[in-house]
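**Q** With the hints as extra help, turn the sequences into a complete structure.
Taken in order, these protein sequences are the chains called W and B.
Position 221, counted from 1, in the first sequence is what the numbering used here calls 221; the numbers after and before it change by one each time, with no gaps.
For the numbering used here, add 1000 to where a residue sits in the second sequence, where the first one is 1.
Hints were generated in silico from the structure; no laboratory data involved.
Predicted model only: the values in this text are computed from it and were never measured.
Hints should not be assumed to be uniformly reliable.
[Stated by the list, open to error] Covered by chain B, per the in silico footprint, the following chain W stretches (three or more residues, Cβ under 8 Å):
1. 108 to 121
2. 145 to 155
[Stated by the list, open to error] One-sided excerpt, in silico: chain W residues whose CB lies under 8 Å from chain B:
3. E183
4. N184
5. D186
6. L187
A virtual CB, placed ideally from N, CA and C, is assigned to each residue, including glycine.
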Amino acid sequence: MLQALADGILTGSIIALGAIGLTLTMGILRFANFAHAELITWGAYMALGVLAITGVFAGPIGPFSFGLPLILATLIAAVLTAALALVVDYLVFRPLRSHTNHMTVVFSSFGVSLLVRMVILLIFGGSAEYYSDELQIAVRLMPGLRVMPDHLFTLGLTLVIVIALHFFLQRTRLGLSMRALAENPDLVRINGIDTRTVVRWTWIIGAALAAVAGVLYGMTVQLRPEIGFQLLLPLFAAAILGGVGNVFGAVVGGLIVGLAESFSVLFIPAGYKMAVPFIILLAVLYVRPSGLFGGMRGGAK
Amino acid sequence: MTTALLQVSDITAGYRPDLPILHGVSVSVSEAEMVTIIGPNGAGKSTLVKAISGLVPISSGTVSVAGSNVTNLLTHKLATASIAYVPQTANVFTTLTIDENLKLGASTLSKAEGARRVAMAYDNFPVLQKYRSHKAKVLSGGQRQTLAVARALLTEPRLLMLDEPSAGLSPLMVSEVFERLKSLVSTGVAILMVEQNVKAALAISDRTYVLAEGRNRIDGPSSELAGDSQVATIYLGAGGRKR
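**A** Structure follows, in structure tokens:
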């Protein structure tokens, strides 16, 4: 029971990081980006690629399975993932946004996600990969609850990122513009703000968070080209549960989805675990389509 | 006549190039002048201010401010062109606080200057001070209008464009809003205002343009138009004959 709680929080925090980026881009660009989950895969594999170079210089730190090389690789992966997001937006979404209807953009994101997944498959192959083959010893926190040091790190990092992002959105001009953009893009322009810049930063932040989520997933589970595909539904469930555009909601949504997944295994066969986010998604859309916290796009029609 | 602050010359504009809403409309506003645009529903009044703001594309004709060409201006450069625009609906961010709304309006200014002018806005509009940390959705229609105007004035524009500032307000509020606009003009700000409320518009403004079906119909000093029977005719729809 306690173990399911710990596992749920771990999975939930990774889902939350991915869902934050999804909820931001969905709230601001107003389309369901099915390629967002692929940014997670891309980030995870970019870190793996960079690690092949940086990893030879230093070993792991303390009780963790990783050291400075992976941290450095994650930062570089975040930059590369942001670059991918900006390139995709420039080449695919932006031209389509101005010339076609909403659904075309949504379907194009399906295409992009397939393309990205296949590129990863081509470069890295289909078998499971790991950042480290170090054996990690689980720490026993209390009877019936054992956690890996890496898992604690994942939780801590997620917490730090969420708090930092909260301050960014509340206190900075750019953060304020992003929240405003989710409500009324024309009024943001009337206020003298170039929305294209704000959109670009939204992609950068969303993609960087996705890369971090990817690395954390790769670190605590394993790397496979299907990571994104498997996280897609949980991400959407979390973002919609929390209310599209609502960062805090995405975090809570991620935790709920993660916990529901891990607790479900206690009651139903593990094979049905994947269906849990889908059920949550259906339930939210049926009962409270605007999500638990309503989302940011209140006043705009 | 002195050179106009805003000169709109013969513009054709619409959301789609094949479906123009404005067919060669011309309007001019001089420094510190209050000009109203009136006309029946569908005359293209709102489209006109949106086209000047760069929200609706202009396919022919020109817009210039103080002599420089700002046709199809990128909307976020309005402030740079000394124009401020208050839309009719959704003119404040309801999910943001009053303070955040004003901060956004000051985002083209330096932080220090922005803070100074926001503080000035609170002095000028005490009602905003009272609600500064509340979400704008708690404000009434009139208070939202006040916030939107206060926001627009932060950049110290030479021309303020308002789209139906009296819409949805009580008669008492309407006269209050108009009085405030009038006193703004006396400080040197020019105003271009779209209005449904014909009587009030003619009473308060210096000059008025009557649009119908996306075309200029009549214009002149408001005091003269107030007694013009043609204005009423256009509103009753008989003006549609002459195309």
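**Q** Taking the hints in turn, state whether each one holds.
**A** Status of each hint after checking the structure:
{"no.": "1", "hint": "108 to 121", "in the structure": "violated (count 0)"}
{"no.": "2", "hint": "145 to 155", "in the structure": "violated (count 0)"}
{"no.": "3", "hint": "E183", "in the structure": "holds (5 Å)"}
{"no.": "4", "hint": "N184", "in the structure": "holds (5 Å)"}
{"no.": "5", "hint": "D186", "in the structure": "holds (6 Å)"}
{"no.": "6", "hint": "L187", "in the structure": "holds (6 Å)"}
Of the numbered hints listed earlier, those contradicted by the structure are 1, 2.
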